[in-house]
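Chemist: Residues per chain are reported as follows:
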Amino acid sequence: MLVPIKVRVLALCLAAMVFVSMSLATDITGAGATFVYPVLSKWAADYAAKTGDKINYQSIGSGGGIAQIKAATVDFGASDKPLKPEELSAAGLAQFPVVIGGVVPVVHVPGIEAGKMKLTGTLIADIFLGKITKWNDSTIVSLNPDLKLPDKLITVVHRSDGSGTTFNWSNYLSKVSDEWKTKVGEGTSINWPTGVGGKGNEGVSAYVNQLEYSFGYVELAYAIQNKMAYCQVKNSAGNFIMPSLESFQKAAASADWTKEPDFYQIITNAPGADSWPIAASTFVLMYKTPKNAASTKAALAFFKYALENGQDQAKTLQYVSLPSSLVKEIEDYWTKQIH
Amino acid sequence: MANSLLMQRRITNAAARVLATLAAMIGIFWLIWILWTTFSKGLPVLKWGLFTQLTPPPGSDGGLLNAFVGSILMSGLAVLIGTPIGIGAGTYLAEYARHTKLGETIRFVNDILLSAPSIVMGLFVYTITVRQVGHFSGYAGAIALAFIVLPVVVRTTDEMLQLVPSTMREASLALGVPQHKVIRQVLFRASMSGILTGVLLALARITGETAPLLFTALNNPYWSTNMNQPMANVPVVIFQYAMSPYEYWHALAWAGAFVMTMLVLMLGIISRIILLRNRRHDAQ
Amino acid sequence: MLDVKTAVMDPLVRLDRRDRRADKFFRLAVQSCAIFVLIALLGAALSMLIGGREAFSTFGWKFLWSKDWDPVQKQFGALIPIYGTLVTSLLAMIFAVPISFGIAIFLTEIAPRWMRLPIASAIDLLAGIPSIIYGMWGLFIFAPFMGAHVDPWLNSHWGSLPVIGALFRGPNMGLGMLTAGVVLAVMVIPFIAAVMREVFSTVPSPLKESAYALGSTTWEVVWNVVLPYTRSAVTGGIFLGLGRALGETMAVTFVLGNTHRLAASLLEPGNSIAATIANEFTEADSSLYLSSLIALGFLLFVVTFIVLTIARLMLRRMARLEGN
Chain V
1 MLVPIKVRVL ALCLAAMVFV SMSLATDITG AGATFVYPVL SKWAADYAAK
51 TGDKINYQSI GSGGGIAQIK AATVDFGASD KPLKPEELSA AGLAQFPVVI
101 GGVVPVVHVP GIEAGKMKLT GTLIADIFLG KITKWNDSTI VSLNPDLKLP
151 DKLITVVHRS DGSGTTFNWS NYLSKVSDEW KTKVGEGTSI NWPTGVGGKG
201 NEGVSAYVNQ LEYSFGYVEL AYAIQNKMAY CQVKNSAGNF IMPSLESFQK
251 AAASADWTKE PDFYQIITNA PGADSWPIAA STFVLMYKTP KNAASTKAAL
301 AFFKYALENG QDQAKTLQYV SLPSSLVKEI EDYWTKQIH
Chain W
1 MANSLLMQRR ITNAAARVLA TLAAMIGIFW LIWILWTTFS KGLPVLKWGL
51 FTQLTPPPGS DGGLLNAFVG SILMSGLAVL IGTPIGIGAG TYLAEYARHT
101 KLGETIRFVN DILLSAPSIV MGLFVYTITV RQVGHFSGYA GAIALAFIVL
151 PVVVRTTDEM LQLVPSTMRE ASLALGVPQH KVIRQVLFRA SMSGILTGVL
201 LALARITGET APLLFTALNN PYWSTNMNQP MANVPVVIFQ YAMSPYEYWH
251 ALAWAGAFVM TMLVLMLGII SRIILLRNRR HDAQ
Chain E
1 MLDVKTAVMD PLVRLDRRDR RADKFFRLAV QSCAIFVLIA LLGAALSMLI
51 GGREAFSTFG WKFLWSKDWD PVQKQFGALI PIYGTLVTSL LAMIFAVPIS
101 FGIAIFLTEI APRWMRLPIA SAIDLLAGIP SIIYGMWGLF IFAPFMGAHV
151 DPWLNSHWGS LPVIGALFRG PNMGLGMLTA GVVLAVMVIP FIAAVMREVF
201 STVPSPLKES AYALGSTTWE VVWNVVLPYT RSAVTGGIFL GLGRALGETM
251 AVTFVLGNTH RLAASLLEPG NSIAATIANE FTEADSSLYL SSLIALGFLL
301 FVVTFIVLTI ARLMLRRMAR LEGN
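Chains as they are written, first to last, in this note's numbering: chain V, 1 to 339; chain W, 1 to 284; chain E, 1 to 324.
Just to be clear, a hint being listed does not mean it is correct.
Taking lysine-lysine pairs in the BS3-like style, the calculated list, with each CA pair at most 27 Å apart, reads [to be verified]: (1) V:K259 x V:K234; (2) E:K74 x V:K175; (3) E:K74 x V:K131; (4) V:K84 x E:K74; (5) E:K74 x V:K183; (6) V:K336 x V:K291; (7) W:K101 x W:K181; (8) V:K288 x V:K304; (9) W:K101 x E:K24.
Calculated directly from the structure, the hints in this document are not laboratory data.
Construct the entire structure; sequences and hints are all you get.
Modeler: Right, here's the structure in full:
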């Protein structure tokens, strides 16, 4: 009785082994930021249908992506936070942006709809610092005289997990608020002065949707999919901007991508009259002289396809593709840096 | 006087019976609540395509075929690796080292291993496999899962073997049966149901574990049965889809959970029926 | 004195020798399996100790009671995650053990025979639900329920009591220690109940029948005969559940609120070791950060070690009091 079961299981295993020998291998593996996962998987699926090359990208977080490419267990990594040129040259890595998105503040106050509330950077910083605690605080009221703001406490919702979204959000707040810069600073994971932490953009969306009088930040796609009340934010030019693909695009276009080597740019608080102040870019990391040259070449072919032809798919998923001038610069960078 | 004592005992008994029944109802209640949620939220995609199509990119239709296959392969391998070692270790503890220092130490160590967060085991296996060979693989995933199966099987085997009355042991030994045969043909047979429970519990646990697979098997959006490459699996897919903003992906996540749960249920029922039938057969 | 030739030829002696060799081989085989378990744990614990070295050497003992958790300033402390882990696991056990016990009694003594397999399978099913589903269900379905109905009730009825009232005063968010404890309880019930049920059914019928024959009620049989007989295995089942509760990641992180702050109330959010590691590991961008997270993992081993030792000592004392 014991033996038959074991034999049955063994037989199943042998069948599985036979299966294994008839399989196909995945060509390229990449890992990193969660933010780009949807658009990279869409591009990869289209690319596989067209050319048969399979690009396998998995979202394990920006930090994970950096760690894995440094350990050379993947062919490329993706990070929301760009690595400094010194760090890149020390590790022998090349870096380039691949897509643009933006972080938007979202609120849950009964009666306030999407796009109605106006905020400034310093105001957001003060709320997240815990200095402004009630919705009917004079600063908020003076910016929004025509909104009915209740006498209730603000529940701040932030990210519990480390994330590039948090990095860009805290980087923006550090740029517009000295107090935030000294007290908290920027990072993928920070010491939040107040609030509860949701896991992932999805977790923050869920908390904000559930908790009345809450205030959080998510990527635009989540705000739209979950029908949340996003807000207008005043940019560095002094205009209140509505979050949208257009305002993200303006922010990306206004950045000077050639200023630093390896495209090291954090485009928060971008200049420009119509720029969204909390736009963000995701970067791909690859070895300059890779161990497996064929894989890197195949990966670059994929990115060439994605950057040149992937604009429409990116748009349907609420991402902004890079302007063609930037694409050209990136392709030049590949020829020069990656062999 | 005697009457009031009897009354007291009767009341305690009735109360206990009611509470026990209530407890069972509570357990069932939670189950129905959660299962209903997974079923109703996964309903939009609970059609044939779920089992025949691959994991889709956002915006397209698809299913979870590669994830199911990957999970079955890795869980199967994990059970294949972990169960024999676990039963072996449990047997040693119960039959050869029941009251020795070494036995007590190993038991203790095993209990600690039981509570290790799965992410820690995943990182440990990552260090000894993925870092060494330079890429993620289904084998690494299976090994990580095997480390989760192992302590569960050890503990239950140990306990179940200890529960077999010593009369059975003594009787067989008195007949001159060598110890290894006593264990294999008498004791295992007597505690088979319990050991199987342990294996099933371990299997149930690993079907839902995400963290250990994240750093070992990674995941794979394409069809692949090559265990030496990243392998698709249901828990990581559920995790990624659940954390996305797309309704279709959410539905796939719930549906995937529902199917895996049903699979574990069927495995449990089938193995119990087989056991029951064998037991009845033996009794005849 | 046996003639050598006869001895070698004698089938009984040959059989005896073969059996002894097989016995030795079998013993060696199972012993290596057991040693493997030892090595596995030592390997995992060692790799975490090595990984956490930097954190331990930087912070020293302060790491254990520091409430800091600042990745930017690189100040880390383990107090809040340890506290959250202990509280949520304790809550989970308080809920899960009695309910599992009740389920096991129901399935072995009370339920009619035809009901046993279906209900047992149903309870086992709870074990097969992926932990992330518990998290999602907890976040989207259960937490709102707690926040709307249970939390306000606790606040108004028990929040004003002296001393223990502090446990029940708090925001009606639906997230927090209590919700996480309940979700964990639901997760571990099937494990504990399955083991309890299995061992209860191994109690020899003569034992139970003699008790019944003497006029014992069902409850008395369970409490005075079944439970003492299976005490060790029952504790094993409870440890199985406790182990799951201490190390559970996904379900907890969705409903615990993930706040690095210490609060007395069960209604407040908190953080646990496993949730912290899972949340922050992939994004840890400094070696000290990474090391602190791995150090937390090591500390979970230590916490488990301490909890299990205490449990074992308690068990030994109970056995001694009973005259064993």
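Chemist: Work down the list of hints and note, for each, if the structure agrees.
Modeler: Status of the hints after comparison with the structure:
Using a Cα cut-off of 27 Å, the hinted pair K259 of chain V and K234 of chain V holds, with the two alpha carbons roughly 25 Å apart. A C-alpha spacing of about 21 Å is found between K74 of chain E and K175 of chain V, which places the hinted pair at or below 27 Å, so the restraint holds. Between K74 of chain E and K131 of chain V the alpha-carbon distance is near 24 Å, which keeps this suggested pair within the 27 Å criterion. Taken as a hint, the K84 of chain V and K74 of chain E pair is honoured in the structure, with Cα atoms around 19 Å apart against an allowance of 27 Å.
Taken as a hint, the K74 of chain E and K183 of chain V pair is honoured in the structure, with Cα atoms around 13 Å apart against an allowance of 27 Å. Taking the CA atoms of K336 of chain V and K291 of chain V, the gap is near 18 Å; set against the 27 Å cutoff, the hint holds. Distance check on the hinted pair: K101 of chain W and K181 of chain W sit about 26 Å apart at the alpha-carbon level, within 27 Å; holds. Between K288 of chain V and K304 of chain V the CA atoms are separated by roughly 17 Å; this keeps the pair inside 27 Å, and the hint holds.
Under the criterion of a C-alpha separation no larger than 27 Å, the hint pairing K101 of chain W with K24 of chain E is consistent with the structure, at around 21 Å.
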